[in-house]
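In order, the protein sequence lines correspond to chains E and B. Counting from 220, one number per residue, gives the positions in the first sequence under the numbering used here. Counting from 280, one number per residue, gives the positions in the second sequence under the numbering used here.
Do not rely on the hints blindly, as some may be mistaken.
[To be verified] If you only want the chain B side, here are some residues facing chain E, beta carbon under 8 Å, derived:
no., residue
1, Leu366
2, Thr429
3, Ala431
4, Ile432
5, Ser433
6, Arg437
7, Tyr438
8, Ala441
9, Ala447
10, Ala448
11, Ser449
12, Ala451
13, Ala455
Keep in mind the hints are simulated off the structure, nothing from the lab. We treat Cβ as the ideally placed atom computed from N, Cα and C, and that holds for glycine.
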Amino acid sequence: MTSPTPTPTPPSSGSGAAPGSAGASPSSSLSPLSTPVSTPPPGPLGPDSQTAMQAALVAEQAAVWAYALVAAHARDQSAMIADARSGHLLRRDATAARLTAAGASAPEPAAAYQVAVDVQDQNSAWQLAQDIESDVAAAWRVVIGSSDDAEVRGFALTGLSEAAVRLAMWKQIAGINPPTIAFPGQP
Amino acid sequence: MSSAPGTPLSRRALLLGAGTVGAAAVLSSIAGCNYFGSDDPPTPTVDLNPSALDPINGLIATTRLHLLRLDAAIAADQADAAKLQPLRDDRQQHLDALTAEYARSNPGDPNATAAATGAPVSGAVALPGTPQAIVSAVRGDTATAQVQFTDAISTASRYRAALYGSIAASLASHRAVLA
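Only chain E is shown next, with the shape it has when bound in the complex (with noise of 0.2 Å):
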């Protein structure tokens, strides 16, 4: 059960985040799927957190092209879908943004991705759009724990609750109980 797999370029392994949580922002509301992204403050990356990061944005590529996957099986969810896509956009270009300010390079999109689910109707679409999230929620967990930096751990941190919040909201429709776990992005 993993989320999409970059087919031409495999970055290294990630995932994305999502945007806009409860996570980073305590303050924000019970939302997190519509709360904007803001880009972080530019500053430097380390090796390790360079690296979980462009892994990051490799996932939240993915999930940007996945979620077209999903949205041609899970008709009824079509607003949830364009919600948790355009928060994988969002989070997608503020990777890429702070990367590039910190001088880091950051990965193209590939053209497609192989994914682990043979998406054929509703519930194997349900199943694609919970690995998309688990795959983004693990791919954030790695950054923070890549990184000293509470700026990047922040920055993590939001797109690692929101991916868990959407993971959580899929396993609601799929009527998958319990629909939280109690560590998201925790191999």
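Could you slot chain B onto chain E? The hints should help.
Below, chain B alone, put in the same frame as chain E:
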């Protein structure tokens, strides 16, 4: 303004001398009251148990308290018990992970072993009377904990930061479920 030996002191000289001595006395008394005036070194209070200063203790305490409140909420609000129970299970896992991390990083603390065994949380807490208010209270606890774990990420070690980040994200999902 000194006088030759044997020469009687003038009144002006006497007044000036008295003023100087007085000023010196005042300064000396002020210095005596000054915090830095004593030659004696301050006596610091030393906590011989550094593990007591571990910031993870506050997170453990908060999680324990919220577990108590979740238990009380589940007992008092049967209508929402099915929704609250999974959240309570997550919080128990958070507590277990936190106490295990405390024990790992404070091996010399005799309390760490006991804490890491996942001793059951017990106690009595007061909750509001209506189901709606109970869920609202649980939601407030979750938000409070999320803030604490988010704040703790800034200064924690990398390992702990990742752990706290996961817990904060989990709490964000709890809030979404409770919304």
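Taking the hints in turn, this is what the structure says about them:
1. With a least beta-carbon distance of about 7 Å to chain E, the hint placing B/Leu366 at the interface is held under the 8 Å criterion.
2. For B/Thr429, the suggested interface contact is upheld, since its CB lies about 6 Å from the closest CB of chain E, less than 8 Å.
3. With its C-beta approaching chain E no nearer than about 11 Å, B/Ala431 sits outside the 8 Å limit, and its interface hint is violated.
4. Given hint, B/Ile432 at the interface with chain E, holds; its Cβ is 5 Å from that chain's nearest Cβ, closer than 8 Å.
5. Given hint, B/Ser433 at the interface with chain E, holds; its Cβ is 4 Å from that chain's nearest Cβ, closer than 8 Å.
6. At a threshold of 8 Å, the smallest CB-CB gap from B/Arg437 to chain E is about 5 Å, leaving the interface hint in force.
7. Checking B/Tyr438 against chain E by beta carbon gives a least distance of about 7 Å; that is within 8 Å, so the hint holds.
8. A hinted interface residue such as B/Ala441 counts as satisfied when its beta carbon comes closer than 8 Å to some beta carbon of chain E; here the least separation is about 3 Å, so the hint holds.
9. With 8 Å as the threshold, the beta carbon of B/Ala447 comes within range of chain E, its nearest partner Cβ sitting at about 5 Å, so the hint holds.
10. A cut of 8 Å between beta carbons decides the hint on B/Ala448: the least distance to chain E is about 4 Å, and the hint holds.
11. The criterion of a C-beta within 8 Å of any C-beta in chain E is met by B/Ser449, whose closest approach is roughly 6 Å, and the hint holds.
12. Here the hint on B/Ala451 is kept, as its CB sits about 4 Å from the closest CB of chain E, short of 8 Å.
13. Look at B/Ala455: its Cβ gets to within about 5 Å of chain E, closer than 8 Å, so that hint holds up.
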